[in-house]
Amino acid sequence: MSDSKSRYAPLERRGAPRWPVVVEVTIASSHTFYSEGEQFFSEDLSEGGIFVAAKCPQPLGTRLEFQFTLPDSRQLIEATGEVQWVREAGDEPVEGAPDAPGMGIRFIDLPDEHQARILRFIRTERRTISGPLPVGDG
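Note that my numbering has the sequence shown beginning at 4, numbered continuously upward.
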């Protein structure tokens, strides 16, 4: 079995907390990794990136163009990202990481208005589950 821990970004290095959300993700890369328009699903989202479940995740450092729509909107979010960590099928579980095979993608090109929509979504969902945010938490 492979050493899955070496492919994970340590939890303390993550720049923002993850929020569980399942949305359809379309990856449209200039490479031929996937079939044109092949659909994937997210498992979590943060202001800094997204985890996309994929049976054949791409290698670390791969740049991908992708798009998705948040559950509270019909507006498409388009971004370019870079694979920061990978979970292969059969890897041993790592605490705090999704169990499904896939890839953690860091946003590297995300328009400001799309970033703002992601932040609003996360903050709204946190308030719905947890009540009002403490002062200074956004």
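I should point out that these hints are in silico values taken from the structure, not numbers from a laboratory.
Bear in mind the structure is a predicted one, so any value in this text is a computation, not a measurement.
Any given hint could turn out to be false.
As the list claims (entries may be wrong) - DEER-style ranges, computed between Cβ atoms:
hint, residue 1, residue 2, range
1, 111, 27, 28 to 34 angstroms
2, 114, 58, 28 to 34 angstroms
3, 19, 83, 17 to 23 angstroms
4, 23, 78, 20 to 26 angstroms
The beta carbon of each residue, even a glycine, is placed where N, CA and C say it ideally should be.
For each hint, the structure was consulted:
A beta carbon spacing of about 21 angstroms between residue 111 and residue 27 contradicts the range 28 to 34 angstroms that was offered as a hint. Between residue 114 and residue 58, the C-beta spacing of about 30 angstroms keeps the proposed range 28 to 34 angstroms intact. For residue 19 and residue 83, the Cβ-Cβ distance of about 18 angstroms falls inside the hinted range of 17 to 23 angstroms, so the restraint holds. A hinted range of 20 to 26 angstroms holds for the C-beta pair residue 23 and residue 78, which are about 21 angstroms apart.
Of the numbered hints given earlier, the model fails hint 1 alone.
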